[in-house]
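Peer 1: Here numbering that gives the first Met the number 0 is used: position 50 in the sequence shown is 49, and no number is missing along the way.
What the hints contain is simulated information worked out from the structure, not anything from laboratory work.
Hints should not be assumed to be uniformly reliable.
[Unchecked claim] Label pairs and their in silico Cβ distance ranges:
#, residue 1, residue 2, range
1, 10, 52, 26 to 34 Å
2, 47, 21, 41 to 49 Å
3, 0, 33, 37 to 45 Å
4, 31, 0, 33 to 41 Å
5, 3, 32, 41 to 49 Å
6, 0, 22, 16 to 24 Å
7, 49, 15, 47 to 55 Å
8, 13, 35, 26 to 34 Å
9, 50, 5, 46 to 54 Å
Ideal placement from N, C-alpha and C gives every residue a C-beta, glycine not left out.
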Amino acid sequence: MIYCPHCNKTIPLTLFTAHLGRLSKGKTSERKKRASRMNGRQFGGRPPKQKGKR
0 MIYCPHCNKT
10 IPLTLFTAHL
20 GRLSKGKTSE
30 RKKRASRMNG
40 RQFGGRPPKQ
50 KGKR
């Protein structure tokens with residue numbers, strides 16, 4: 000539980016972490032966007048998961 004100094008309420012930790020997760024969306028750098036596009040073009044996207052031993 001986290002105590003809010005503004006409204007004097009206690010906030011559950013799960014609610015607080017969910018809010019932080021929403022804040023960080025959409026802040027991908029240009030380099031990461033460009034690298035993701037290039038990986039999709041050159042290699043056909045992410046390779047499928049292999050079953051069994053590596």
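Peer 1: Evaluate each hint against the coordinates.
Peer 2: These are the hints, each one checked on the structure:
no.: 1; hint: 10 with 52: 26 to 34 Å; result: violated, 46 Å
no.: 2; hint: 47 with 21: 41 to 49 Å; result: violated, 30 Å
no.: 3; hint: 0 with 33: 37 to 45 Å; result: holds, 42 Å
no.: 4; hint: 31 with 0: 33 to 41 Å; result: holds, 35 Å
no.: 5; hint: 3 with 32: 41 to 49 Å; result: violated, 35 Å
no.: 6; hint: 0 with 22: 16 to 24 Å; result: holds, 20 Å
no.: 7; hint: 49 with 15: 47 to 55 Å; result: violated, 38 Å
no.: 8; hint: 13 with 35: 26 to 34 Å; result: holds, 30 Å
no.: 9; hint: 50 with 5: 46 to 54 Å; result: holds, 52 Å
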